[in-house]
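Q: Line by line, the protein sequences are chains D and X. The first sequence maps to residues 1 to 185 in the working numbering. The second sequence maps to residues 1001 to 1185 in the working numbering.
Please keep in mind that the hints were generated in silico from the structure rather than gathered at the bench. These numbers were taken from a predicted model, which means no experiment stands behind them. Do not take every clue at face value.
[What the hints assert, rightly or not] Label-pair ranges, simulated between beta-carbon atoms:
id: 1; chain 1: X; residue 1: THR1040; chain 2: D; residue 2: THR95; range: 58 to 64 Å
id: 2; chain 1: X; residue 1: GLY1010; chain 2: D; residue 2: SER41; range: 49 to 55 Å
id: 3; chain 1: X; residue 1: ASN1061; chain 2: D; residue 2: PRO74; range: 45 to 51 Å
id: 4; chain 1: X; residue 1: ARG1136; chain 2: D; residue 2: GLN52; range: 34 to 40 Å
[Unchecked claim] Derived DSSO-like pairs: lysine-lysine, alpha-carbon spacing no greater than 27 Å straight-line:
id: 5; chain 1: D; residue 1: LYS121; chain 2: D; residue 2: LYS51
id: 6; chain 1: D; residue 1: LYS121; chain 2: X; residue 2: LYS1121
id: 7; chain 1: X; residue 1: LYS1121; chain 2: X; residue 2: LYS1051
id: 8; chain 1: X; residue 1: LYS1121; chain 2: D; residue 2: LYS51
id: 9; chain 1: D; residue 1: LYS121; chain 2: X; residue 2: LYS1051
[As the list claims (entries may be wrong)] Covered by chain X, according to a simulated footprint, are these stretches of chain D (three or more residues, beta-carbon under 8 Å):
id: 10; stretch: 115-121
id: 11; stretch: 142-153
For glycine and all other residues, C-beta sits at the position ideal for the given N, C-alpha and C.
2 protein chains.
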Amino acid sequence: MGRWEPDAAGRLRTAALELFEEVGFDQATVAEISERAGVTSRTFFRYFADKQEVLFAGSENLGIEMAAALTAAPADASARRALDAALDQAASLLTSRADFARRRHAVVSSNPALRERETMKMDRLTETLAAALRDRGVADPLAIMTAHVGVAAFRVAFDAWAQDPAIDLRTAMAANLAALSPATG
Amino acid sequence: MGRWEPDAAGRLRTAALELFEEVGFDQATVAEISERAGVTSRTFFRYFADKQEVLFAGSENLGIEMAAALTAAPADASARRALDAALDQAASLLTSRADFARRRHAVVSSNPALRERETMKMDRLTETLAAALRDRGVADPLAIMTAHVGVAAFRVAFDAWAQDPAIDLRTAMAANLAALSPATG
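I would like the entire structure built from these sequences, with the hints used as guidance.
A: The structure is reproduced here in structure tokens:
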């Protein structure tokens, strides 16, 4: 365990996920995670405040990238078209790290406290997307309702995709939105 | 403070709300709430497990009543029409206790832990409505997406209504759903 630890954060993430899968999130300790990653607990705490952070650190990136895509959509694009750009971005982000995202999803789903934190994350994501829509000049209630619908389409598709590799994430999001057409008309 | 305490629960609820408004949720103690209600702390704990429960006890009734309205909608009603029946029920329930609902909303909004619990309540409400829709034979993703949209319409309208007595809750919910028509088409 030298001072030079190439990708210690990445190894800690992998080690933590493996351990959460093997013994459950509640049972895994920071000491065990660190040992498996070949670093000290001191190194763990240089990267993560606690066990939960291994699963949630950087999770605000999803909202930041979705909001950026929404902002970058053509100025004359409707709220729905701008939302589509954000969902495209979310799909490519998650698809690019599918293995970690799916395994993380299984761990989070199996633990009530983690599920609660994930729900709060979705709530903040809704606020982030609504704010980005308002910045485009979309008025409420369209801005907040579009954000709610977008996050719902994302979340329902993500749950299905995480459990079934045959599902295409972007197609599933589109299907969720399409299902609503008769429901909201 | 005799053993016979007419509407002790109601008096505790009123006393708690007043105290939360005056000194803040975190500062109010069970002893103070009980004293103001003219009962002992022992009596408080006969009705509520803790301070939070004064604000959240019985909150599952909203989901139960909304689901019942949804279930009672005509068998040939669309998912959207069944949802409308549930929103009608939510509006009449909240309008009938508008003063408490509005003051409770202000207390909950001002406290992060209470806001988080309220968000989790909305998440469970979504699941309850989706399950009731599935029981009507509505397939996913329409069932879960309709539930998400319904809860969003409810929540956004409720936030507005709680802060502005001039707003009609049912009309605001309908406006939220109507705003989505171009967004989801």
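Q: Determine for every hint whether it applies to the structure shown.
A: Right, here's what the structure says about each hint:
1. Between THR1040(X) and THR95(D) the beta carbon distance is about 60 Å. The supplied range of 58 to 64 Å therefore holds.
2. For GLY1010(X) and SER41(D), the hinted distance range of 49 to 55 Å is satisfied, since their beta carbons lie about 52 Å from each other.
3. A C-beta distance of roughly 46 Å is found between ASN1061(X) and PRO74(D), which places it inside the suggested range of 45 to 51 Å.
4. For ARG1136(X) paired with GLN52(D), a C-beta distance near 38 Å keeps the hint of 34 to 40 Å intact.
5. At roughly 17 Å between alpha-carbon atoms, LYS121(D) and LYS51(D) fall within 27 Å of each other, so this suggested pair holds.
6. Taken as a hint, the LYS121(D) and LYS1121(X) pair is honoured in the structure, with Cα atoms around 15 Å apart against an allowance of 27 Å.
7. Distance check on the hinted pair: LYS1121(X) and LYS1051(X) sit about 17 Å apart at the alpha-carbon level, within 27 Å; holds.
8. Annotation: proposed proximity of LYS1121(X) to LYS51(D) holds, straight-line Cα distance about 26 Å (limit 27 Å).
9. Distance hint between LYS121(D) and LYS1051(X) is fulfilled; the C-alpha atoms sit about 26 Å from each other, no more than 27 Å.
10. Under a criterion of three residues with beta carbons nearer than 8 Å to beta carbons of chain X, the stated coverage of the stretch 115-121 of chain D is upheld, 3 such residues being counted.
11. Counting residues of the stretch 142-153 of chain D whose CB lies closer than 8 Å to any CB of chain X gives 8, so the stated coverage by that chain holds, three being the minimum.
No hint from the list above goes unmet by this structure.
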